[in-house]
Amino acid sequence: MRGNAGYWAWVSLLLALIASGLLAYADQVTRGLGVTAMRDQVSWGFYIGNFTFLVGVAAAAVVLVIPAYVYGWRPIREIVIYGELLAVSAIVMCGLFVFVDVGRPDRVWHLAPLLGHLNFPSSLLAWDVLVLNLYFVVNFVVVTHILYRAYTGRHYSTRFVVPLVLLSIPMAVGIHTVTAFLYNGLAARPYWNSSILAPQFLASAFCSGPAILLIVLQLLRRFTSFELKNEAIWKIAELMAYAMFLNLFLHGAEAFKEYYSDTEHLLFTRYWYEGLGEHRTLVPYAWAALVLNAVAFVLFIVPATRRNWVTLNVGCVATYAGVYIEKGMGLIIPGLTPDTLGEIYVYYPTLAELRVAAGVFAVGFLVFTLMLKVAVPISLGEFQEAEVSGEGRHRAVAPAHG
Amino acid sequence: MGDTMSSDTPHPVTRRQFASCTAAAAAGFLLTACGPRRLREVPKARLRSMLDDLEREYSKTYGKAVTVSDTPAADGVVFAYALDISRCIGCRRCVYACVDENNQSRDPQVHWIRVLSMDKERGIDFAHADAYYDAKEVPQDGHFYVPVACQQCRNPPCTKVCPVGATWAEKDGIVVIDYDWCIGCRCCMAACPYGARHFNWSDAGIPNEQVNPAMHYLGNRPRPRGVVEKCTFCIQRVRKGRYPACVEACPVGARKFGNLLDPESEIRYIIEHKRVLVLKEELNTMPKFFYFYGT
Ligand code: SF4
Ligand code: SF4
Chain A
0 MRGNAGYWAW VSLLLALIAS GLLAYADQVT RGLGVTAMRD QVSWGFYIGN
50 FTFLVGVAAA AVVLVIPAYV YGWRPIREIV IYGELLAVSA IVMCGLFVFV
100 DVGRPDRVWH LAPLLGHLNF PSSLLAWDVL VLNLYFVVNF VVVTHILYRA
150 YTGRHYSTRF VVPLVLLSIP MAVGIHTVTA FLYNGLAARP YWNSSILAPQ
200 FLASAFCSGP AILLIVLQLL RRFTSFELKN EAIWKIAELM AYAMFLNLFL
250 HGAEAFKEYY SDTEHLLFTR YWYEGLGEHR TLVPYAWAAL VLNAVAFVLF
300 IVPATRRNWV TLNVGCVATY AGVYIEKGMG LIIPGLTPDT LGEIYVYYPT
350 LAELRVAAGV FAVGFLVFTL MLKVAVPISL GEFQEAEVSG EGRHRAVAPA
400 HG
Chain B
0 MGDTMSSDTP HPVTRRQFAS CTAAAAAGFL LTACGPRRLR EVPKARLRSM
50 LDDLEREYSK TYGKAVTVSD TPAADGVVFA YALDISRCIG CRRCVYACVD
100 ENNQSRDPQV HWIRVLSMDK ERGIDFAHAD AYYDAKEVPQ DGHFYVPVAC
150 QQCRNPPCTK VCPVGATWAE KDGIVVIDYD WCIGCRCCMA ACPYGARHFN
200 WSDAGIPNEQ VNPAMHYLGN RPRPRGVVEK CTFCIQRVRK GRYPACVEAC
250 PVGARKFGNL LDPESEIRYI IEHKRVLVLK EELNTMPKFF YFYGT
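Those protein sequences? They're chains A and B, same order as listed.
Under numbering that gives the first Met the number 0, think of the first position of the first sequence as 0, with each following residue one higher.
Under numbering that gives the first Met the number 0, think of the first position of the second sequence as 0, with each following residue one higher.
What the hints contain is simulated information worked out from the structure, not anything from laboratory work.
Wrong hints could be hidden among the right ones.
Taking lysine-lysine pairs in the DSS-like style, the calculated list, with each CA pair at most 30 Å apart, reads [stated by the list, open to error]:
1. K43(B) x K159(B)
2. K256(A) x K159(B)
3. K135(B) x K159(B)
4. K170(B) x K279(B)
5. K63(B) x K43(B)
6. K256(A) x K279(B)
Reference excerpt, derived from the structure (chain A facing chain B, CB under 7 Å, subset only) [said to hold, decoys possible]:
7. G33
8. D39
9. V301
10. T304
11. R305
All residues carry an ideal CB built from backbone N, CA and C; glycine is no exception.
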């Protein structure tokens, strides 16, 4: 894998983060999860927050796949493969976040069907394990097949790929629904026990996943000979605006229910938006997320700002940040605070947690980078086993690469 | 760039590779078949020999003779608890009796019972409860006390969510955890509406001289780090016909315990004749822990 200085700086940074994460994780393994700030009152924290967010990213490939395959909309079709690469890396990170969160990593094989004992169908985490793995396999197979075929100079087999891609659409909805149900089914936690949680999850996922992809695609277009029509980018931004509208609307609906009915369950929503007594730690995050999401919505719904590169990218970053806050810690922490007996424990991730989490993200980015490194030249047709007739290639044009 | 890509010729599997794969698979299967399983699936005879090993190990670690009992649930018994709210004075003696009996970690502190101080004016209201009241004298004016531990739900949300089946309700109604099978995912903690489950965030700190050597394999044997634990109605005592430690420790006799299926039991008398309530009844967990007003 050759590359320029920028590439190597990036890879070295990721490797350094991974090394630091590994060290922190080794410490966590020797001393126990006590090195995190999680306690009985807030028993899930930063790790599970990131897991939840990333399941959304993994699921979001679908927003690109639907128009591409269902409507055969050409410009987007080319980028589906990148959406799937993103899904694969996101799932790797999801798995790692669950792994670093469990108290007994030496026993995770207890989850393996046949080997261990999977409490299926009653446990939603068991469902999650199954669907996430299946989704991973489907995406991985599709990606590998397309790239392998492109490498050998042939077009991918439509009969093989299209059914799998069509299958991955309901599966993407499925993984995120199951993850939502994991929280949703817990009557002990009123903040999660609301029937619009799954739709909310999907709506926010359809914002955050494409936000990342839009930035990646622009970078690819700038630094490689990858071609992508502006319309494709704008179309995705437009779809994101609708998803963001839905997301904001669902949040509003939930807030209305809580505030107007004003039952004892309002507590959790109030902890998030207003704080309870002197406990106001989350309030700035809550409003930051709301403002960021609203800004992103406006920037993407107005055609002029959607087509302006600066505002487009500001919108992407705002979406990413807004959804990250709201779907990660903004979901987990108010869900668990106050705890079931009314106690408020203020949770803040420790340095150990931050380092481990940064390491996991670095692994994901590294996987994504390396896969791109393979995928881009192949799908551009720059990198083939043998010369074949132009029509058989994945892309007709194979421009020279400097 | 093309030179870095390896050839894609398929590798035919050699006979040797095939043989070693098969051997590895067989070894893996044997390991799992004979290796650790959920304790509820282990045949009686083997369970006893596993517990003998544990006894030897614990005896060595703590420098005293430890017994690990495997007394099973008796037929015709479903345990239930009742607590007289009008009598409880919030002294927290039950909390520490529980710690001593059940080998809970002293450092960091783990308490299976949390005694909540509540405002008389508000009634039972968790949002305004105080688990850390620090009074020179109890009971305090205007307050009453609600001790909360595992409610031994008949419809327990905690066992439903466990992805590996490491926790279940026994025939006599006691909800238990297999400390050797729990993976520490903490789903059960998120699911329990009573904050009854506790995680071992660090190694348990129990001074050797304070270890209670009378253990049960599903109860008070020392918990490894990284797993969840909770009140088991003192399974090691009640299955031998004794009262839970907290019942014995309560100085005002606010705690009652017995067999729900026995029509002559005190617990049945209370349920039939007193004002009884269960916590968070709207969640349909159907606790076997009843609160009542004795006076
Ligand atoms: S009180 Fe909590 S731990 Fe006990 S059985 Fe009910 S849900 Fe499970
Ligand atoms: S923490 Fe242990 S007992 Fe609780 S759900 Fe996870 S595996 Fe089951």
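Verification of the supplied hints:
At roughly 25 Å between alpha-carbon atoms, K43(B) and K159(B) fall within 30 Å of each other, so this suggested pair holds. Among the hinted pairs, K256(A) with K159(B) is consistent with the structure: their alpha-carbon atoms are about 28 Å apart, no more than 30 Å. Between the alpha carbons of K135(B) and K159(B) the distance comes to roughly 42 Å, so the proposed pair goes past 30 Å and is violated. The hinted pair formed by K170(B) and K279(B) meets the criterion: a straight-line CA distance of about 24 Å does not exceed 30 Å.
Proximity of K63(B) to K43(B) is assessed by CA-CA distance (about 26 Å); at most 30 Å being required, the pair is judged to hold. For the given pair, K256(A) sits about 21 Å from K279(B) by alpha-carbon distance, which is consistent with the 30 Å threshold. Among the interface hints, the one on G33(A) holds; its C-beta lies about 4 Å from the nearest C-beta in chain B, closer than the 7 Å criterion. A distance limit of 7 Å between C-beta atoms decides the matter here; for D39(A) the minimum to chain B is near 5 Å, and the interface restraint holds.
With a least beta-carbon distance of about 41 Å to chain B, the hint placing V301(A) at the interface is violated under the 7 Å criterion. For T304(A), the interface hint is violated, the least distance from its beta-carbon to any beta-carbon of chain B being 39 Å, above 7 Å. Taking 7 Å as the C-beta cut-off, the interface hint given for R305(A) is violated, the closest approach to chain B being about 36 Å.
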